[in-house]
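Protein chains in written order, with our numbering: chain A, 1 to 556; chain B, 1 to 556.
Hints may contain errors.
Copies of the same chain are indistinguishable here, so a pair counts whether it falls within one copy or spans any two.
Straight-line C-alpha distance at most 16 Å; calculated EDC-like pairs for lysine to aspartate or glutamate [to be verified]:
| no. | residue 1 | residue 2 |
| --- | --- | --- |
| 1 | LYS154 | ASP385 |
| 2 | LYS262 | GLU432 |
| 3 | LYS275 | GLU319 |
| 4 | LYS65 | GLU292 |
| 5 | LYS540 | ASP52 |
| 6 | LYS182 | GLU126 |
| 7 | LYS540 | ASP276 |
| 8 | LYS541 | ASP52 |
| 9 | LYS154 | GLU189 |
| 10 | LYS31 | GLU130 |
| 11 | LYS533 | GLU432 |
| 12 | LYS65 | GLU542 |
| 13 | LYS321 | GLU292 |
| 14 | LYS275 | ASP66 |
| 15 | LYS321 | GLU351 |
| 16 | LYS533 | GLU503 |
Worth flagging that the hints you see were computed from the coordinates, not collected in a lab.
Protein chains: 2
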Amino acid sequence: MSYKSRKNALYFLPLGGSGEIGMNLNLYQTKGKWLMVDCGISFADSYLPGIDLIMPNVNYIEKRKDDLVGLIITHAHEDHVGALAHLWPRFRCPVYATPFTMILIRQKLAEAGLLGEVPLIEIPLEGNVEVGPFTIDFLSLTHSIPEPNALRIKTDLGVIFHTGDWKLDPDPLVGEATNAAKMQKVGDEGVLALICDSTNVFNPESSGSESTVRDNINQILATKKGKVFCATFSSNVARVDTLAMAARNNGRAICLVGQSLKRNVAAAIEAGYLKDFPKIVSEGEAKNLPNEKILYICTGCQGEARAALMRIAEGNNREVKIVRGDTVIFSSKIIPGNEIMIGRLHNMLVEFGAEVITEKDAFVHVSGHPGQQELRQMYDWIRPDILVPVHGEVRHMEKQAEFGRNHGIPSCLVPRNGTLIRLAPGPAEIVEYNIVGRLALDGGFLIPSEDDAIVTRRRILYNGALVISLVVDMRGEFLTAPVVTNLGNPDGGMGYFEDVIIEAALAAAHKLTTSQRADKNKLAESVRAYARKAAMNYTKKETGPLTVVTVTQMEN
Amino acid sequence: MSYKSRKNALYFLPLGGSGEIGMNLNLYQTKGKWLMVDCGISFADSYLPGIDLIMPNVNYIEKRKDDLVGLIITHAHEDHVGALAHLWPRFRCPVYATPFTMILIRQKLAEAGLLGEVPLIEIPLEGNVEVGPFTIDFLSLTHSIPEPNALRIKTDLGVIFHTGDWKLDPDPLVGEATNAAKMQKVGDEGVLALICDSTNVFNPESSGSESTVRDNINQILATKKGKVFCATFSSNVARVDTLAMAARNNGRAICLVGQSLKRNVAAAIEAGYLKDFPKIVSEGEAKNLPNEKILYICTGCQGEARAALMRIAEGNNREVKIVRGDTVIFSSKIIPGNEIMIGRLHNMLVEFGAEVITEKDAFVHVSGHPGQQELRQMYDWIRPDILVPVHGEVRHMEKQAEFGRNHGIPSCLVPRNGTLIRLAPGPAEIVEYNIVGRLALDGGFLIPSEDDAIVTRRRILYNGALVISLVVDMRGEFLTAPVVTNLGNPDGGMGYFEDVIIEAALAAAHKLTTSQRADKNKLAESVRAYARKAAMNYTKKETGPLTVVTVTQMEN
Numbered sequence: 001m002s003y004k005s006r007k008n009a010l011y012f013l014p015l016g017g018s019g020e021i022g023m024n025l026n027l028y029q030t031k032g033k034w035l036m037v038d039c040g041i042s043f044a045d046s047y048l049p050g051i052d053l054i055m056p057n058v059n060y061i062e063k064r065k066d067d068l069v070g071l072i073i074t075h076a077h078e079d080h081v082g083a084l085a086h087l088w089p090r091f092r093c094p095v096y097a098t099p100f101t102m103i104l105i106r107q108k109l110a111e112a113g114l115l116g117e118v119p120l121i122e123i124p125l126e127g128n129v130e131v132g133p134f135t136i137d138f139l140s141l142t143h144s145i146p147e148p149n150a151l152r153i154k155t156d157l158g159v160i161f162h163t164g165d166w167k168l169d170p171d172p173l174v175g176e177a178t179n180a181a182k183m184q185k186v187g188d189e190g191v192l193a194l195i196c197d198s199t200n201v202f203n204p205e206s207s208g209s210e211s212t213v214r215d216n217i218n219q220i221l222a223t224k225k226g227k228v229f230c231a232t233f234s235s236n237v238a239r240v241d242t243l244a245m246a247a248r249n250n251g252r253a254i255c256l257v258g259q260s261l262k263r264n265v266a267a268a269i270e271a272g273y274l275k276d277f278p279k280i281v282s283e284g285e286a287k288n289l290p291n292e293k294i295l296y297i298c299t300g301c302q303g304e305a306r307a308a309l310m311r312i313a314e315g316n317n318r319e320v321k322i323v324r325g326d327t328v329i330f331s332s333k334i335i336p337g338n339e340i341m342i343g344r345l346h347n348m349l350v351e352f353g354a355e356v357i358t359e360k361d362a363f364v365h366v367s368g369h370p371g372q373q374e375l376r377q378m379y380d381w382i383r384p385d386i387l388v389p390v391h392g393e394v395r396h397m398e399k400q401a402e403f404g405r406n407h408g409i410p411s412c413l414v415p416r417n418g419t420l421i422r423l424a425p426g427p428a429e430i431v432e433y434n435i436v437g438r439l440a441l442d443g444g445f446l447i448p449s450e451d452d453a454i455v456t457r458r459r460i461l462y463n464g465a466l467v468i469s470l471v472v473d474m475r476g477e478f479l480t481a482p483v484v485t486n487l488g489n490p491d492g493g494m495g496y497f498e499d500v501i502i503e504a505a506l507a508a509a510h511k512l513t514t515s516q517r518a519d520k521n522k523l524a525e526s527v528r529a530y531a532r533k534a535a536m537n538y539t540k541k542e543t544g545p546l547t548v549v550t551v552t553q554m555e556n
Numbered sequence: 001m002s003y004k005s006r007k008n009a010l011y012f013l014p015l016g017g018s019g020e021i022g023m024n025l026n027l028y029q030t031k032g033k034w035l036m037v038d039c040g041i042s043f044a045d046s047y048l049p050g051i052d053l054i055m056p057n058v059n060y061i062e063k064r065k066d067d068l069v070g071l072i073i074t075h076a077h078e079d080h081v082g083a084l085a086h087l088w089p090r091f092r093c094p095v096y097a098t099p100f101t102m103i104l105i106r107q108k109l110a111e112a113g114l115l116g117e118v119p120l121i122e123i124p125l126e127g128n129v130e131v132g133p134f135t136i137d138f139l140s141l142t143h144s145i146p147e148p149n150a151l152r153i154k155t156d157l158g159v160i161f162h163t164g165d166w167k168l169d170p171d172p173l174v175g176e177a178t179n180a181a182k183m184q185k186v187g188d189e190g191v192l193a194l195i196c197d198s199t200n201v202f203n204p205e206s207s208g209s210e211s212t213v214r215d216n217i218n219q220i221l222a223t224k225k226g227k228v229f230c231a232t233f234s235s236n237v238a239r240v241d242t243l244a245m246a247a248r249n250n251g252r253a254i255c256l257v258g259q260s261l262k263r264n265v266a267a268a269i270e271a272g273y274l275k276d277f278p279k280i281v282s283e284g285e286a287k288n289l290p291n292e293k294i295l296y297i298c299t300g301c302q303g304e305a306r307a308a309l310m311r312i313a314e315g316n317n318r319e320v321k322i323v324r325g326d327t328v329i330f331s332s333k334i335i336p337g338n339e340i341m342i343g344r345l346h347n348m349l350v351e352f353g354a355e356v357i358t359e360k361d362a363f364v365h366v367s368g369h370p371g372q373q374e375l376r377q378m379y380d381w382i383r384p385d386i387l388v389p390v391h392g393e394v395r396h397m398e399k400q401a402e403f404g405r406n407h408g409i410p411s412c413l414v415p416r417n418g419t420l421i422r423l424a425p426g427p428a429e430i431v432e433y434n435i436v437g438r439l440a441l442d443g444g445f446l447i448p449s450e451d452d453a454i455v456t457r458r459r460i461l462y463n464g465a466l467v468i469s470l471v472v473d474m475r476g477e478f479l480t481a482p483v484v485t486n487l488g489n490p491d492g493g494m495g496y497f498e499d500v501i502i503e504a505a506l507a508a509a510h511k512l513t514t515s516q517r518a519d520k521n522k523l524a525e526s527v528r529a530y531a532r533k534a535a536m537n538y539t540k541k542e543t544g545p546l547t548v549v550t551v552t553q554m555e556n
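Throw the hints in and build the complete structure from the sequences for me.
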């Protein structure tokens, strides 16, 4: 039964986040209308040289934007909201979020000059809203940021429970613990499909509680005499609160270092959180306090080059210095791919004589995603007919599907970005595969991740480049020696590279017939092939440099 | 007291491995004569684009090669022997090693065409040799390769105990367990300085035993019906033996996939190990066996692009296929920096329907380096006056120094590559700091890691490049339009980039006075600056592309 033949059906289609941890963007469709949930970014790895941010290619929904009734942002993490300002102009629909998230959305849109344009609808915690054929209840869960919302999406063809990012924290410090009775009731009222976070499915335990982290950091601070620095994720307001309380318990003032941290704390205070938060001292004031009286809370727990902690470690912060006897706590996990950068930062801090404490040394961080015990609890509450694992790489989603099957959920389907799953009517199945792709932010351009600019840089990264400029007459005879520009080909200090290429260019031209030589394109191609080969032979690389030949033909 | 004033002294100087885990190269000096221990490579990270292998810059010892009496290779891991064929021509000295290591050294030298040239001296296990003023005892320890040797280096000024890579395995499967009485005796006879592996100093426990790995893999194989693949480090002959035994116990034949694995197994058999090794079946034979009758042992546990497992996962091995129901065991750790590549490989395997088992799921790998319990045992045996931690990043070495101090070792000094430490006479101290640097293998050239070729590629990686070729007359007037070669600058499919650059080039020339324009260099520099700025404005990147302007001046 094909997609097109079923107008009265309920569909799920992820464009991002089902195949990677990051850039979540999910779509639901019924009665010909689409609902988007989240619009996030991800960080690029070295396969996309020079690219920091990537996001889903939204071509699919752009073509259908007239039928897109709204976008709901479940919470304010970058992998759920970070692409909004970049992509919204492509699909232009109303945006729904709870108060804390909305404060940060407004800031993002203002920076992009879009604030007046985007229809924003603020939904209270535990509120609900009708968006086209979708009736949506917001249900507060716990996570590592204020106001993480699960969505109960009611349609004529069944109810979807979209978890967003979540965990079960019996003592979450910021926000309320998950209400078991309420969740049980959601299950009692019936759920067709559970769309669920897979991030920590390989953890056989529960994720643990923020209050344990507070106790441990409290204990660490009690033993330290020097300055203490604590790096964490800037959006983790509960962690910042944890740190502030531990500081107060130990007679330390707190100082925030890093813009995004200050912004998140301000947003949390504006939204009514952190009511009992201590006074924040400035970097200048902190400098004048005794060492044992200050706790710096910093951005840069992933070793990011421009974040606060790296700038301090490089000596680039005039007010904040690290010296022997200081302690640096990484109250964070290592995001895969950042090991080398973080290791480098650790070494820099140790060189200064600081003690470095990470989650390997003490329980100073707790994850915001559910381990197997929490997933089991969620399945027991919700009792869905269908489980669709999202928010994971293939291995995480497949693992959750297996876990759900073992738990007795009748239908467990693993999506990929671009798969259209029909949830109802009839048995759930994948009915369409779309190629989706990704967009990369390259300077001011949002380009496909396979764009020439990126592919070219990747080629040069390995093999260097080589540009040869020829000036010839109308017969193709060289009027001057070829000019060689070597971009990244090694010659080990020998200085022969250019000579070798010039020789190859001359030989290439010589090999051509008179009529071939008079043809600009033939001449260029022949010189290119010879020169590239000569470069390969010279550098002994398996692949030659990216070689470009330009020919300027002059009338005699 | 300066270095020069003390001819009759004993010195230690690392050129590699003291500041990174990899590329070990250590030097000892007494009576004006130098002894080298190990000559290894390391793998480059993304900071050196296009580079796979790096190694220490041996400039320091090259200048003193007439006083270099020998090189001892402690064991055959690449981070201890991998640079030998590359660097030996620079210092040319006799090379000493035990039999298994020597087999692999001969292969390496033969491949490099150096076999006849290098004086090779094979030392039996537990043997000894006099090399200049150094008398050296080889003592077998345990590690993750056959024949890991510690060196007791006796000199007139004291005894050094150089551990090499080691662990204590009570049941090592290949080779003998460490002889406690022998080690105790080394300590009784007196050791001035212990030069010791720091790799696993953050592990508070012992590393564990190979026999536990065997038991676990045995159990896993007993439950599997499909084909089983096991990826491990190719030099870990004990692991290969473990796998072979587990296969035999479960009625499975073994098939080796990957050249380096075959080479290491052959070398081990030649050196007298693996005496009870089962028959190895070929890939063609394995294909015809029932699924439950075969265990493939593969290279590629780090997700390396060209290794056996990735080639299988990509469908590029004609004889070996992975299908639903198969199991892939990663009997290895993740080397930091390889997380993304390994994660990608896991996802590919899961896509095929294979079950992936790693050391996170079961104890299927054991480290070859000492945890804190083993370090403590070594300190108790050796009882040195001086501890010099090596084989680590700064944080590992500093941690071991702290650990040694807490254990009561009187003097604990942390070296860096290039620090000259006087071990005797008098209190140990750093007496000289030398800048060492690294060499990178770029195609056929061994170039400094800060060479132009690498720096250029790194710049292009982020910012792209731009080459502008001008053809002008003797007054600097353009004879044709500037020719623009865009290498990696995005233009988002707009196609205006080149026009913008040409316009900038024309404007730049126009701004110059007549005499400035007639000056090739001034013209080029002006066009370069304008064009780079125009590119920055166009792409909205914070840094402009690497911009090169070539000027061809034609006589009228």
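Pop the pair LYS540 and ASP276 into one bin, within, between, both or neither, using alpha-carbon distances up to 16 Å. Classified as neither; 66 Å inside a copy, 43 Å across copies.
Have a look at LYS182 and GLU126 and pick one of within, between, both or neither, based on CA distance no larger than 16 Å. Within one copy, since 11 Å is at most 16 Å while 71 Å is not.
Within, between, both or neither: how does the pair LYS321, GLU351 come out at a Cα-Cα threshold of 16 Å? within (13 Å within a copy, 49 Å between copies)
When no copy is named, should LYS321 and GLU292 be tagged within, between, both, or neither for a Cα gap of at most 16 Å? Close inside one copy (14 Å), not across copies (61 Å); limit 16 Å.
Should LYS154 paired with ASP385 be assigned to within, between, both, or neither, using CA atoms and 16 Å as the limit? within (15 Å within a copy, 74 Å between copies)
Same-copy or cross-copy closeness of LYS540 to ASP52 [CA-CA at most 16 Å]: between (32 Å within a copy, 14 Å between copies)
When no copy is named, should LYS275 and ASP66 be tagged within, between, both, or neither for a Cα gap of at most 16 Å? Neither: 43 Å inside a copy, 73 Å across copies.
For the identical chains here, do LYS275 and GLU319 meet the 16 Å Cα criterion within one copy, between copies, both, or neither? neither (28 Å within a copy, 66 Å between copies)
Copy assignment of LYS65 with GLU292, given that the CA separation must stay at most 16 Å: Neither, since 57 Å and 53 Å both go past 16 Å.
Please sort LYS262 with GLU432 into within, between, both or neither, judging by C-alpha distance up to 16 Å. neither (45 Å within a copy, 45 Å between copies)
Within a copy, between copies, both or neither: where do LYS541 and ASP52 come within 16 Å Cα-Cα? Only across copies: LYS541 and ASP52 sit 12 Å apart there, 29 Å inside one copy, limit 16 Å.
My question is about LYS31 and GLU130: at a cut-off of 16 Å on alpha-carbon distance, are they close within one copy, between copies, both, or neither? within (14 Å within a copy, 87 Å between copies)
In this structure, the earlier hints numbered 2, 3, 4, 7, 11, 12, 14 are contradicted, and the remaining ones agree with it.
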